[in-house]
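Trainee: Listed below, chain by chain, are the residues.
There are 2 protein chains.
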Amino acid sequence: MSDFKKIDAYLEKNFDHSLEELKRYVSQPSISAQNLGLKECALMVKEMLEKRGFKSQIMDTDGAPVVFGERKGKSSRTLLIYNHYDVQPPEPLELWESPPFEPEIRAGKMYGRGVSDDKSHLTSRLFALDAILDAEGDLPCNIKFIVEGEEETSSVHLHDFIRDNLSLLKADACIWEFGGVDHRDMPMQYLGLRGICYVELSVESLGTDVHSGLGGSIFPNAAWRLVWALNSLKGPDERILIPGFYDDVIPPSARDRELMDKLPDVADEYKTRYGVKDFIKGLKGGTDLKIEEVFTPTCTICGLTSGYQGPGSKTVQPARASAKVDFRLVPAQKPEDILKKLRHHFDAQGFSDVQIDYLGGEPAARTDPDDPFIKIVVDTSTEIYETPMEIVPMVGGSGPSYPFVHDLGLPVATMGLGYPDTRAHAPNENIRLDLYLKHAKHMARVVKEFAK
Amino acid sequence: MSDFKKIDAYLEKNFDHSLEELKRYVSQPSISAQNLGLKECALMVKEMLEKRGFKSQIMDTDGAPVVFGERKGKSSRTLLIYNHYDVQPPEPLELWESPPFEPEIRAGKMYGRGVSDDKSHLTSRLFALDAILDAEGDLPCNIKFIVEGEEETSSVHLHDFIRDNLSLLKADACIWEFGGVDHRDMPMQYLGLRGICYVELSVESLGTDVHSGLGGSIFPNAAWRLVWALNSLKGPDERILIPGFYDDVIPPSARDRELMDKLPDVADEYKTRYGVKDFIKGLKGGTDLKIEEVFTPTCTICGLTSGYQGPGSKTVQPARASAKVDFRLVPAQKPEDILKKLRHHFDAQGFSDVQIDYLGGEPAARTDPDDPFIKIVVDTSTEIYETPMEIVPMVGGSGPSYPFVHDLGLPVATMGLGYPDTRAHAPNENIRLDLYLKHAKHMARVVKEFAK
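Chains C and W, in that order, are what the protein sequence lines are.
So the mapping is simple: this note's numbering equals the position in the first sequence, first residue as 1, plus 1.
So the mapping is simple: this note's numbering equals the position in the second sequence, first residue as 1, plus 1.
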């Protein structure tokens, strides 16, 4: 692959320059859950694309705007690159070692909210295109960028946006927003994402908080109502109790089990990294743990709020209580269906006082491991990572891959610079700078191979 | 009672002056749950007592200091007056119509945190003594004040303080920190307080918060563990499930039922005032509701905290979750015993991962309705309130009356200026100024009658 000499030399020489662009990008807060800095960040992305000669536009949705950019290339093939400019909320702030929106490089890593998920993915990809343009003066194929601003809040409006812009987004293949290496530094090809159905459950039992000495014996307590309603969803055996919840679940195939079996055991790594003493459901490790991690749907409490939460004691009976709950869905569960079953379940269990607010969702989606585009991404990685890419048929996280796979009909490949201690969604989110450079090099190769 | 002409005239003439003192007192934040402003407030109380010629001292405890003041009077009888200078946390701040620590008078009411519970009780009592001293130059009996700073956090150190200072606190009768009128403006004589056992329950299931797409299927979730542990304490039928919890409960006597029966029905008032749609346990009103309200022990969730609680969605599996829970106790339950049974219950139910932090407690205590001191307080009230005082054998709230009743051996009478919309522990806590004046007048009469 001697034709990458010039490209690789460019990437090594201009590395710091790209990191500066990433720093500027991370410094711009863009928290979709809090509607903070989104327009400013979208404008920044548009300018970043235009700098590379992309015809770009900021397109309105009913939520955060989508940035779309397109640049023609030599071949007629079109690669669609999906990224998002929004990030998770940075809380709890006190656990960050440096401020989340003041990116800092320490010991070969850059720290900041969104630096991994997924701002570095966008800048390193642009960096790869810079290198190709520098070496060849033009792109080898058409490239389209779709950069949305609601990925961290379940991409509520992206599905409609894609359905409304099928011809604009028409392509032959898609690169997903994230990817990375596992704990052995092995690059991973993730070919499926679970779906999600995110809800806020809330109860209002009184007009006002009341002294607990008065209300405790005779008034309904919102926090208790919420606890009992949650308890009706799942017991300590982890089986989800909503009738019909598992009806549409497609269990993993023999091929899936075979691919999962090849993947390394993660038990010890998880225990060390996340401070897990024992896995749930009696899981010990091995293929069982790996299968359970990604091929089962979940019901996770992401947050609980009620009454007094400060230091010491306050004797109050809270009027209101709420929980954030996410259901991770597997093929072929549908969020709308789960939502309906959840409402029905609460009503049947005597919890019609529990209000359900749907905060977003998406069905699961998968790409065929035998697709030729997947082969390109897998094969080009070996030179960069000195180890073959490993194929993972399904991962536990979610993303809006459904409309890419099912509406645009694209194979979706993952590649990127995540790594196990990247702390996406958590304090001290970070990237490894060595992986940043590798991703840019890999990206340049994928673009050129795909263009042929 | 013509001998009160001069006293009453003084109280009416100097009313605004006393309200100014109350305003200064309320302006000093003194939040025991947050250890905020306690020393400053104790010093303020000491100065207020010294202004009236009380020999006063600030006495250390293992927590907030106690202010003790004593002034001799003409007779050998000694009246002990109990108050507290601490207040509840003011949160949620956004629901206050004026800042909680900037007391404001609007339409015949004064608003501020602690204005009712119980700062106005102290200043109006001092105001009554001012009037007696002005009229007679001396107090008719010995008066002792004990003003503590941890009442709102279950008076953790008061019991020991009283046991360590039995001779200092020696008296013949005690006036309790609060009292007031009901919704008909009828003054109430509350003769019993429930006990309390306040705990914080917490679970830590992981070393760090984890992306819910990763942890949801295989890692233990602290919020779920907490929900299940709480659910094991009480189900929707409201029966507390801790083995032995009800063992020591002394049910209300026939006399209690008779006294409760005489009290007015509260059902409609509660529904209107607190926005209750239906009472729990199928209660509709009448004596059943009144008995249930105060003679049954409770298990109340006062607060819930876990994971993400901001706007929108965050897909995180929380590492930590906690709940504030208060148990209201009836005679003869003991907080230490309940604590032991709670730990045992959690362990037996598989929740040894739930940590219990004891934030304070006190057993219930009652005073005999036939005590002569109670008769003085009841009889002197008629002239002021134009209606006889009503005797309530037990109330739902708690307070550290146990050491007063059982260690000091005192009859404890309640009187004060609370009223149903006083919003103690809630936003917009307030007092009615007309009741402030009435309480001062009543107090002057009690002191003089008691001295005989």
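Simulated from the structure, these hints should not be mistaken for lab results.
Treat the hints with care, since some could be wrong.
Remember, identical chains collapse to one label, so a pair may be satisfied in a single copy or spanning two.
Stated by the list, open to error - Mimicking DSS-like on lysine-lysine, the simulated pairs with C-alpha atoms at most 30 angstroms apart in a straight line are:
| # | residue 1 | residue 2 |
| --- | --- | --- |
| 1 | K110 | K341 |
| 2 | K145 | K7 |
| 3 | K278 | K341 |
| 4 | K342 | K278 |
| 5 | K145 | K47 |
Trainee: When no copy is named, should K110 and K341 be tagged within, between, both, or neither for a Cα gap of at most 30 angstroms?
Mentor: Neither, since 45 angstroms and 49 angstroms both go past 30 angstroms.
Trainee: When no copy is specified for K278 and K341, does a C-alpha distance of 30 angstroms or less occur within a copy, between copies, both, or neither?
Mentor: between (36 angstroms within a copy, 26 angstroms between copies)
Trainee: Under a CA distance limit of 30 angstroms, which applies to K145 and K47: within one copy, between copies, both, or neither?
Mentor: within (13 angstroms within a copy, 75 angstroms between copies)
Trainee: Pop the pair K342 and K278 into one bin, within, between, both or neither, using alpha-carbon distances up to 30 angstroms.
Mentor: For K342 and K278, the Cα distance is within 30 angstroms only across copies (27 angstroms; inside one copy 34 angstroms).
Trainee: Taking 30 angstroms as the upper bound on the Cα-Cα distance, should K145 and K7 be classified as within, between, both, or neither?
Mentor: Answer is within; shortest intra-copy Cα gap is 24 angstroms, inter-copy 91 angstroms.
Checked against the numbered hints given earlier, this structure breaks only hint 1.
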